[in-house]
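2 protein chains.
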Amino acid sequence: MSDEERHPDDVQQHLREVQELLSRQKLVEDLVFRQDMPRHDLVEDLVHRQHIAELQNRLDELHPADIAYILEALPLEDRLFLWNLVKAERDGEILLEVSDAVRESLIETMDPEELKAAAESLDADELADLAPDLPPEVIQDVFQSLDTEGREQLRAAMSYPEDTVGSLMDFDMVTVREDVTLEVVLRYLRRFEELPDHTDKLFVVDREDHLQGILTLEQLLINDPEKQVGDVMRTETVISFEPDDDADDAAQAFERYDLVSAPVIDSEKRVIGRLTVADVVDYIREESEQEILSNAGLREEEDIFASVWDSVKNRWAWLAINMVTAIVASRVIGAFEDSIEKLVALAALMPIVAGIGGNSGNQTITMIVRAIAMGQVEQSAMKRLIRKEMGVALINGVMWGGFLGAMAWWLYGSWQLGLVMTSAMTLNLLLAASAGVLIPMIRSRLGRDPALGGSVMITGLTDSGGFFIFLGLATIFLL
Amino acid sequence: MSDEERHPDDVQQHLREVQELLSRQKLVEDLVFRQDMPRHDLVEDLVHRQHIAELQNRLDELHPADIAYILEALPLEDRLFLWNLVKAERDGEILLEVSDAVRESLIETMDPEELKAAAESLDADELADLAPDLPPEVIQDVFQSLDTEGREQLRAAMSYPEDTVGSLMDFDMVTVREDVTLEVVLRYLRRFEELPDHTDKLFVVDREDHLQGILTLEQLLINDPEKQVGDVMRTETVISFEPDDDADDAAQAFERYDLVSAPVIDSEKRVIGRLTVADVVDYIREESEQEILSNAGLREEEDIFASVWDSVKNRWAWLAINMVTAIVASRVIGAFEDSIEKLVALAALMPIVAGIGGNSGNQTITMIVRAIAMGQVEQSAMKRLIRKEMGVALINGVMWGGFLGAMAWWLYGSWQLGLVMTSAMTLNLLLAASAGVLIPMIRSRLGRDPALGGSVMITGLTDSGGFFIFLGLATIFLL
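As they're listed, the protein sequences go chains A and B. For the first sequence, this note's numbering gives the first residue as 2, with consecutive numbering after it. For the second sequence, this note's numbering gives the first residue as 2, with consecutive numbering after it.
Isolated chain A, as found in the complex (with noise of 0.2 Å):
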């Protein structure tokens, strides 16, 4: 098997040989379009077209997956070129893996009926997470050529709100009856062409789909066959989702009992559909690729190949923001600007309060935003929390404060300048401890999402609060 045998390197691999293939095919085009030589036409259009069919030939062999990863990493010409390429019959699973943005931009190209037979190929839990970059018209026909089960599972799989268990579950499953024994069972599954994705178990239910129970194939395989289902499968701790769960909570259960796959259940407790660690995965991926970029002021993942425009309005939102508290900062030094002209050495001394309580700030409320996603702060805790970053700001702001107080003292000469540095470091860091942790839990208390915007606010509120105190101190007590 070495030959065929699949490496994670291989991917890298497969992208430097389309970019190859690709890059000789340009080179046949400029000849074909530089070179005025009829005769030499019929030769150059074979060669191209054996690059072409050399192209196609490997994107055929290549996982849905790896196609998704090379049109991600090539720039929009190429990308297209490539994406022409692709039979129709695999766009769909393709389009499913790839970026939105990259999402976006092969749909952009692709005409109605192309798009109609790349959603037909789907199922309806994959159609739903495709819908909302279609046109509405493509998604009509869809549905009309959807059997009843397929439109009803269709417009459950769309009803279900982002980032929650029912927009990520899929309607694939093997579910069995208590009362037959593991023969039968074992007898039903060979008439499968093929099990669901990420069948580790399958469920029991009864004659109205209400779940009884989970059979492992684990249970399945090591049993005596002669056994009935009702007597191997696990009725205890069964873990099951609804609906409405948040994704976020089935995705942490996900990860502390080491599931593969789960039921979800209506409020009736009858079978609806299925989570599976393939959907969860993807989920936790985009939820902490989705923090990071929020947390560096990126509204969504950016193609690299974006054109300026399309990243000059990816980043537009938070540099606003950004501006105006830096607006307001400068309007708190303006205030000052007399006790400035009498002391420059305050210009020189004041970005380092403002700068180092915000980071300090930032420390705080990204601990206690973590602890309060891991459902580990109950509000109770809240007290204790602050003082205890009070404590910490107050060692920070003595030992680091203390010790720009003394550089402030022998870079100005004047100990009275010292000490307006070490008391405002140290207010500006119990102010920033006191946000960072008042900030996340009012926002959790308020029903919002703690992570949001949070250092933002941090840093607009350490910045003009570091520059109101050292300049308020010092205009009160040097001037």
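No wet-lab data here; the hints were simulated from the structure. Careful, some of the hints might be misleading.
Identical chains share a label here; the pair holds if one copy fits it or two copies do between them.
Stated by the list, open to error - Listed below are the simulated EDC-like cross-link pairs for lysine to aspartate or glutamate, each with C-alpha atoms no more than 20 Å apart in a straight line:
id : residue 1 : residue 2
1  : K228      : E150
2  : K389      : D164
3  : K270      : E179
4  : K314      : E302
5  : K389      : D79
6  : K228      : E184
7  : K384      : E21
8  : K88       : D61
9  : K117      : D130
10 : K384      : E78
11 : K384      : D311
12 : K228      : E194
13 : K314      : E105
14 : K228      : E209
15 : K389      : E301
16 : K389      : D311
17 : K384      : D79
18 : K88       : E55
19 : K228      : E195
20 : K88       : E121
21 : K389      : E302
Got chain A; can you put chain B on it based on the hints?
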């Protein structure tokens, strides 16, 4: 099954119950200690014991991951009280589930005998995960108690560096030969008490353990039992890893190909272990946590109930670095004190230039780091990316810089000041864009982690650079 059903919110419920039991427990203790009525001692002692028994019963029913969760959410004192109630044979699995910081706090209270007992209940790969936190003499003792195979596995597991496949793999797996029928495999499996966790495929090997192919449980179940393993096993596109492979690549492969388990082979294609999606999910979660924490300047995940002093240590390094860059920026301002004295408006405007530059640089660097991590940026794309980021910076500079220049003009009545503001903004955004592309690209070319410390470097650069550019331009053109 209604009563035994488990729901993702249940762990929160468990936490509240344990907290309730703990607080009742404390109430009783308070009575015992405070009241001076010897007659009542006996009664209170009984109540006391009854509560402890109740707590112990609750704990015995819980999944080790749930106990870990509860331990994490409790203040140190309660945590250690509860830890003593946990049955000794469960200590090992629970220690594996808690975070590093909490694990340390638990291990500190255990004596060598307890640690040895906890360690001996674990598999070699789990032991290797725990080993760095255990005292050397405990590891030595445990090592002595293992059989030859166990010793070899432990030695192997401990020999692989963190972030490699070897450090994540386990040694539990089921292998079969290709020249037997599925019926034989089914009978073979029935002799197992249980299958290894996450067994979705059996590894087909020859006499020397060389990997020949993969028999999925699906193929085993849907095919006629008379067929030979060799006829239904998959030999193409078998995804396998080597122990030295990068864990990141493996995690991406698991995500991309929706794997549940995969064989780990040595250089001669002998199967030596197995990688499962549970390990990969834990790895993905830890990595993204680590990235979010280090972005905020936290060395590692912090036990939110850690002592003030532990927290200070965890946040120390970043604040020190931040202070160095702040002092450098302050000295840049110090060099222009004469200019600020003459035109104090500069002091109020300069933080805007520095701040927005820093934010914009962070957007660029975050995007580039993510693209590099996904392997989507060839070094050859550098020029193209720099050109694009420069374009974005130019548009933002002219747009936001223009707005801020107009504001400066309006506030201070000097169009020259406005022009300097706009130019300085644009130049600092261009500096931020080029540094945002170059820093991670160069780090990655040098084989370093492109993410690490990028944010600190770029903020330091745009702060000092922004002050220098703005104050420098002002000094040249306005004074």
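Output the numbers, in ascending order, of every earlier hint that fails for this structure. Of the numbered hints, 1, 2, 14 do not hold.
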